[in-house]
Amino acid sequence: MADKTTLQYTAEHEWVLVDGDVATVGITAYAADKLGDVVFVDLPAVDAEVDGGTVVGEIESTKSVGELFAPIDGTITEVNEAVVSSPELVNSDPFGDGWLVKVRFTALPDDLMSFDEYSALVGGE
Amino acid sequence: MTERFSPLHQTHVDSGASFTDFAGWQMPVRYSSDLAEHHAVRSHAGIFDLSHMGEILVIGPEAAEALDYALAGRLSAIEHGQAKYTLLLGRDGGVIDDLVVYRTGDDRFMVVANASNREVVVEELLQRTSPFDAEVEDESDDIALVAVQGPDALEILQQTPGFGVQGPGLDGDDFVSAVAGLKYYRSLPAEFEGGPVLIARTGYTGEDGFELYLAPERAEALWSALRETGGSRLVPAGLASRDTLRLEAGMPLYGHELGTDTFPAQAGLGRVVALGKEGDFVGREASERGPEEGARVLVGLIAEGRRAGRAGYAVFATTDAGEPVGEITSGALSPTLGHPIAMAYVAPDSAEPGTELYIDVRGTRVAASVTALPFYKRRK
Numbered sequence: 001m002a003d004k005t006t007l008q009y010t011a012e013h014e015w016v017l018v019d020g021d022v023a024t025v026g027i028t029a030y031a032a033d034k035l036g037d038v039v040f041v042d043l044p045a046v047d048a049e050v051d052g053g054t055v056v057g058e059i060e061s062t063k064s065v066g067e068l069f070a071p072i073d074g075t076i077t078e079v080n081e082a083v084v085s086s087p088e089l090v091n092s093d094p095f096g097d098g099w100l101v102k103v104r105f106t107a108l109p110d111d112l113m114s115f116d117e118y119s120a121l122v123g124g125e
Numbered sequence: 126m127t128e129r130f131s132p133l134h135q136t137h138v139d140s141g142a143s144f145t146d147f148a149g150w151q152m153p154v155r156y157s158s159d160l161a162e163h164h165a166v167r168s169h170a171g172i173f174d175l176s177h178m179g180e181i182l183v184i185g186p187e188a189a190e191a192l193d194y195a196l197a198g199r200l201s202a203i204e205h206g207q208a209k210y211t212l213l214l215g216r217d218g219g220v221i222d223d224l225v226v227y228r229t230g231d232d233r234f235m236v237v238a239n240a241s242n243r244e245v246v247v248e249e250l251l252q253r254t255s256p257f258d259a260e261v262e263d264e265s266d267d268i269a270l271v272a273v274q275g276p277d278a279l280e281i282l283q284q285t286p287g288f289g290v291q292g293p294g295l296d297g298d299d300f301v302s303a304v305a306g307l308k309y310y311r312s313l314p315a316e317f318e319g320g321p322v323l324i325a326r327t328g329y330t331g332e333d334g335f336e337l338y339l340a341p342e343r344a345e346a347l348w349s350a351l352r353e354t355g356g357s358r359l360v361p362a363g364l365a366s367r368d369t370l371r372l373e374a375g376m377p378l379y380g381h382e383l384g385t386d387t388f389p390a391q392a393g394l395g396r397v398v399a400l401g402k403e404g405d406f407v408g409r410e411a412s413e414r415g416p417e418e419g420a421r422v423l424v425g426l427i428a429e430g431r432r433a434g435r436a437g438y439a440v441f442a443t444t445d446a447g448e449p450v451g452e453i454t455s456g457a458l459s460p461t462l463g464h465p466i467a468m469a470y471v472a473p474d475s476a477e478p479g480t481e482l483y484i485d486v487r488g489t490r491v492a493a494s495v496t497a498l499p500f501y502k503r504r505k
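Protein sequence lines correspond, in order, to chains F and W. According to the numbering used here, the residues represented by the first sequence are 1 to 125, in order. According to the numbering used here, the residues represented by the second sequence are 126 to 505, in order.
FYI, nobody ran anything at the bench for these hints, they're computed from the structure. Here the structure is a predicted model, which is why all the values come from computation and not from measurement. We put the beta carbon where it would ideally sit given N, CA and C, even for glycine.
What follows is a list of derived Cβ distance ranges for each label pair:
hint: 1; chain 1: W; residue 1: Gly-395; chain 2: F; residue 2: Glu-81; range: 45 to 55 Å
hint: 2; chain 1: W; residue 1: Glu-128; chain 2: F; residue 2: Glu-81; range: 42 to 52 Å
hint: 3; chain 1: F; residue 1: Thr-54; chain 2: W; residue 2: Ala-346; range: 51 to 61 Å
hint: 4; chain 1: F; residue 1: Asp-97; chain 2: W; residue 2: Arg-490; range: 26 to 36 Å
hint: 5; chain 1: W; residue 1: Gly-141; chain 2: F; residue 2: Thr-5; range: 19 to 29 Å
hint: 6; chain 1: F; residue 1: Pro-109; chain 2: W; residue 2: Gly-393; range: 45 to 55 Å
hint: 7; chain 1: F; residue 1: Ser-86; chain 2: W; residue 2: Asp-232; range: 57 to 67 Å
hint: 8; chain 1: W; residue 1: Asp-232; chain 2: F; residue 2: Glu-67; range: 53 to 63 Å
hint: 9; chain 1: W; residue 1: Gly-393; chain 2: F; residue 2: Asp-110; range: 53 to 63 Å
hint: 10; chain 1: W; residue 1: Arg-504; chain 2: F; residue 2: Arg-104; range: 48 to 58 Å
hint: 11; chain 1: F; residue 1: Val-65; chain 2: W; residue 2: Gly-141; range: 23 to 33 Å
hint: 12; chain 1: F; residue 1: Glu-81; chain 2: W; residue 2: Gly-419; range: 40 to 50 Å
hint: 13; chain 1: F; residue 1: Thr-54; chain 2: W; residue 2: Gly-149; range: 30 to 40 Å
If we take Cβ atoms under 8 Å as the criterion, some of the chain W residues that face chain F in the derived model are:
hint: 14; residue: Arg-155
hint: 15; residue: Ser-158
hint: 16; residue: Thr-369
hint: 17; residue: Arg-431
hint: 18; residue: Arg-432
hint: 19; residue: Ala-433
hint: 20; residue: Ala-457
hint: 21; residue: Leu-458
hint: 22; residue: Pro-460
Using the sequences provided together with the hints, build the complete structure.
Put into structure tokens, the structure is as follows:
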């Protein structure tokens, strides 16, 4: 499980772990909790070009449907097949085994939030 | 709107519940996992706080006649101790609310309304019963409701200390047999720790179970006693699991399958409207006329895969463009069955079980077939 305090966050309740020019993306525990039990995850195809801020996938719970936004412009290099077959990983380990996609990017957007900023956004939850 | 809180609110907070606004009430949507809570009710038992529901007493020598006029069913025909599912109809035949009415005495009824409709039900009952010798009292704030649902519900209730049946010369053993002998849609006036509790064998999950009505200040003691006795067999369950449970059981939810623009007959509830009863009742004329020719009817839909159609999604007869033949009112990936299920209103010529239809799931046509309700029936 990634260290939450070193991750970067988006206003769409996603987290981003940057390693070189590849970003691993998932949804936060706060978002997973709001969705409820995740039962279906639809992820983009590997090699797909994605635009930051657009919807590239879906995360469905028993109660509702959440959208997966690409946090950055880039190319999908890997998708988490484990989460497709076991969507409950999004709830049980959102910052670890519940990661969703990896994106190769050229530039990071400047509006990513730090852990403290994101914590303030969700009211310390 | 001011937020309302259940008398059990702090208990839920202490249990780590997540809350949702439901008709102005802050109610537990889940405690940990709505799927786990759903499965617990199907396999053992769950305990629900339903204190947001409205309880309205109708009391008086003409209470039965008053309700026969005010509601769709023949309430005068039910016996003391019996309960009945019924509807409050508008003059135009639409559904203002669906209700469970308990007869708790010869001249006493308790009408249980959806939280979102409490005010309108009270108002309508006051108006409709005014020509009769009967009083309407909104007791919603003075009655808490706890439901224990699931195959282990009876055993847990029997094992929980503090219960007794009312009356002289009765003891704890009498409670055990009285509650075991309580039939479906019957209620039993009992005691819990010396105060009255009405125990009804009713529910909204498709399982055996009980609903317990009592004073709010004693709800916490009851909840704790049940949980202590139930242990791992009894899981606190939130409104999210309640919704998937009732959907599997094919039970309509007001605001989804029922509304003022829906005739009971369209929802498969034609039998709930007692056209055969003597005298007039509100909505009779419109009910006798019935819905327009070609009006959509409620059906069940089942699909393969894991992508569920949800409330508001359009239903089509083909994969081609064109007008939809219907719309989903409730839908989810069924936790018990493992495939998507939905209730939908569709055109009568698309309503035959086995008909192949298509749900528009956010731009993708997903094949679904019409099926008879309910989706899930418990083994008896």
